[in-house]
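Based on these hints, arrange chain B on the given structure of chain A.
Chain by chain, the residues:
Number of protein chains: 2
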Amino acid sequence: MSNTQSNDFTEWYIQTITKAELMSYSPVRGSIIFRPDGYELWEHIQERFNLYLKSEGIRNAYFPMLIPRNFFMKEADHIEGFAPELPWVTEVGDEKLEEPLALRPTSETMIGSAFSDWINSYRDLPYEINQWANVFRWEKKTLPFMRTSEFLWQEGHTAHADEADARRRTLHVLDEYEKVAEEFLSIPVYKGQKTPSERFAGAMDTYSIEAMMKDGKAVQAGTSHYMGTKFAEAFDITYLTKENQHTHAFTTSWGISTRLLGALIMTHGDDKGLVFPPTVAPTQIVLMPVGPWKKNPAIMEKLTGLYEGFKAAGFRVRLDDSDNSPGYKFNEWELKGACLRIECGPRDLENGHAMVKARDLDDKVAVPFEELAGYVKEQLDSMPKRLLDAARARNKANEHFDIDTLADLKAHIETCKKENRPTGFVLVGWDGTEETEAKIKEETGFTTRNIPFEAPMQKTVDIVSGKPAKYTLWIARAY
Amino acid sequence: MSNTQSNDFTEWYIQTITKAELMSYSPVRGSIIFRPDGYELWEHIQERFNLYLKSEGIRNAYFPMLIPRNFFMKEADHIEGFAPELPWVTEVGDEKLEEPLALRPTSETMIGSAFSDWINSYRDLPYEINQWANVFRWEKKTLPFMRTSEFLWQEGHTAHADEADARRRTLHVLDEYEKVAEEFLSIPVYKGQKTPSERFAGAMDTYSIEAMMKDGKAVQAGTSHYMGTKFAEAFDITYLTKENQHTHAFTTSWGISTRLLGALIMTHGDDKGLVFPPTVAPTQIVLMPVGPWKKNPAIMEKLTGLYEGFKAAGFRVRLDDSDNSPGYKFNEWELKGACLRIECGPRDLENGHAMVKARDLDDKVAVPFEELAGYVKEQLDSMPKRLLDAARARNKANEHFDIDTLADLKAHIETCKKENRPTGFVLVGWDGTEETEAKIKEETGFTTRNIPFEAPMQKTVDIVSGKPAKYTLWIARAY
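Taken in sequence, the protein lines are chains A and B.
Residue 150 in this note's numbering sits at position 164 of the first sequence; the count goes up by one each step and never skips.
Residue 134 in this note's numbering sits at position 148 of the second sequence; the count goes up by one each step and never skips.
The reader is advised that the hints may include incorrect statements.
Each pair may be met inside one copy or between any two copies, as identical chains are not told apart.
What the hints assert, rightly or not - Taking lysine to aspartate or glutamate pairs in the EDC-like style, the calculated list, with each CA pair at most 20 angstroms apart, reads: (1) Lys427 <-> Glu400; (2) Lys127 <-> Glu81; (3) Lys40 <-> Glu29; (4) Lys60 <-> Glu85; (5) Lys203 <-> Asp257; (6) Lys127 <-> Glu77.
Just so you know, the hints here were simulated from the structure itself, not pulled from any lab data.
Next up, chain A with everything else stripped away, as it sits in the complex (with noise of 0.2 angstroms):
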């Protein structure tokens, strides 16, 4: 690695994920290829996911690709937030179309047009429905996996009969993917509502989860929004209720997407490259001989062996029986994050024992052959736990809670530019208004994240205007 996380952090991501083949350029500006490592990673989120899905009752469902100009225009926030990101097509062979259609920044507008047709009662509700799609916005900056011009979602949509309902979802979701990030993928979050100037064009309330990266900057790693009648007002998403009344429904939407690899990868990476909890990982075992192996034929075949006992266990595991040296070998998979290496040699052999080193531990540990499949269980079991406790004590290392003044906080950021640190999240005070968050970032780049459900202490003052705080926020650098 030419460059070390110290470095330049987002060098060293970027030669990391390339050179871990996790992803290609593409000639599309923005786009990026999700080559099989990468892919497998969000499909391993989708299958997690699927499971919450499935025991909601909630189904998955199709909607098209391209939205008609006229349906961004009915609901007036959503068309200002999105508008100067929207691919379109205006085009067909070579005739112009009469209406230009969108590429999806995402559905709200398509599925709410489906609702309007669908809901009619109120025995349909909640009517909740989620889709795995590809979706377009054209940013400015683009990060392979955190910001790209298409990428990869779910979204779920969902309607209800009343306010409670639709607000139970929303939060409901949201635990959800607390869960899926601190259980399935070991990444700590900050679980919060964003301010109203970080909303989702058209929400009524967005709440997040916020993730620190190692660098510590921010990555918002899923949303949840409650709509409130807006969009069931825009797209006439109305149903009859016990009383024969015609009202409108409330509605919610939510999505995680492949930032969530971004978020992965600069969570638990280091110089030596990937570093994946074996719920995901690609390859969460790799078995290699080593030493003068080739003369010992008894060594592939124990090896061979042990990775058929491990593929019929359902690991996923290779068998890297190539002629590159064990140096190279170790190298290789360490950069792509395997999770355990079991290696025999000759010597090993002999004493009836193999050495196995997990991605995350310093130490090779000699293991006896006929302990290896629990030891190997053992570690896999347990990783996902350490790599969330090591992420949570960096995290805690890097919060901070006694900077009171927009001077502070540039005093902060100095401090950690001289001693190459991450200047990490900081809990402020916020009076709530506008005029602070903007001040905040135009002078330090720092934007508001959350508010967090669990604030560790209140602040009491105004980070810059020195009012009376009405809230207590966290603010950081971010993806």
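Frame of chain A, contents of chain B only:
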């Protein structure tokens, strides 16, 4: 159902899939909404085909949907074939793009360009990738599932060191498509080679599986293409041989799409609605109370127990305890294609049995509760073969071998029209000229389906020219 299959098959089809909520029309010309039951069919096909990919070591990836215009220009036949159907993105926000971007109709160009970067040495070959994606072809005439502007598919793309290996993959996938159709979807297919005029734009050889619908029309249900070195030359996919020679790779591509859903419905459906094999059915078992069940809580207790048992055993099962009448429920679940209906009323409970009705059989059977689990499993296990056999028998009755001239064919069509029966598949002799194909199409609307690998007989004379036949062809009207 106001339209029966024999009255107006297309009307029957559209009404059935609409009422059964498989799809809705969308505001975008020729694009449909895949509603949950429709999308679930596709999810099961994905699961099934992913097993093949996994067993063959072919991994999933994801490539950008937008393709720069210059990419299409590189392979002349390819652009010629797709140009009229391509939607173009020409603007983003308010700005004109320098180069228009096409919505992918297929990804040979994008993936060819990536292969050119990724493939360097004979050690990299074969290089085999699959993508699940949405694709766009702006067709003049559309029909839900069968032919839509946007559809979902998988496209496999592979590169090989030599022709033999590329041809092996092309045909191996075709065999797998046959298995997916016959073993999984209970759709019997005709496997063969496409004539040159029906080849994929840019392919050297195209192979297909063709299915016969209940109305006798054909559906091209899957295709596999051998490209030779044509795309490798256009996109510079070269590798270094063992002997250190730069050489072009041989490529293939192959796909099945959501048109399989159309084939599934038109193969098995009847005047009551959808019929699905349990392999893909969104509802395998539906349980319902009948008679004066509300007065007797033991009935719902029994049914709930059965429901929980089937659910725990992994079946896709519903319990319909709505207030609708039994007649209404029977119709609804027959419309939706539930494989097995299990009824229980007061007398059934007294007699210790449930009444079971398979969607494709005429009679209800009384099955003692203690034998129910075994009976259900047996029915669901045998249903795919039963549906396949029924479809095969119908196909046999609609295959025609005694049509030797265009006049014969026209007479056949007339007779079928008079007797209101399908024109079916007609096996004819072909001299190998495009003139014959054009003439058949012009005069009868029949198109060449494929040159079967195993023709039931060899025809000796071209149906149009009367010259000696070089090939024996299936022709049919087609979707």
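Using 20 angstroms as the alpha carbon limit, work out where lysine 203 and aspartate 257 are close: within a copy, between copies, both or neither.
within (18 angstroms within a copy, 61 angstroms between copies)
For lysine 60 and glutamate 85, with the copy left unspecified, which applies at a CA distance of at most 20 angstroms: within, between, both, or neither?
For lysine 60 and glutamate 85, only the intra-copy Cα distance (15 angstroms) is at most 20 angstroms; the inter-copy one is 30 angstroms.
Alpha-carbon proximity context of lysine 127 and glutamate 77, limit 20 angstroms
between (27 angstroms within a copy, 18 angstroms between copies)
What label fits lysine 427 with glutamate 400 when the C-alpha limit is 20 angstroms: within, between, both, or neither?
The answer is within: 16 angstroms in one copy meets 20 angstroms, while 77 angstroms across copies does not.
Intra/inter-copy verdict for lysine 40 and glutamate 29 if alpha-carbon distance must be at most 20 angstroms:
both (16 angstroms within a copy, 13 angstroms between copies)
Within, between, both or neither: how does the pair lysine 127, glutamate 81 come out at a Cα-Cα threshold of 20 angstroms?
between (32 angstroms within a copy, 16 angstroms between copies)
Violated hints for the displayed structure: none, as all numbered hints are satisfied.
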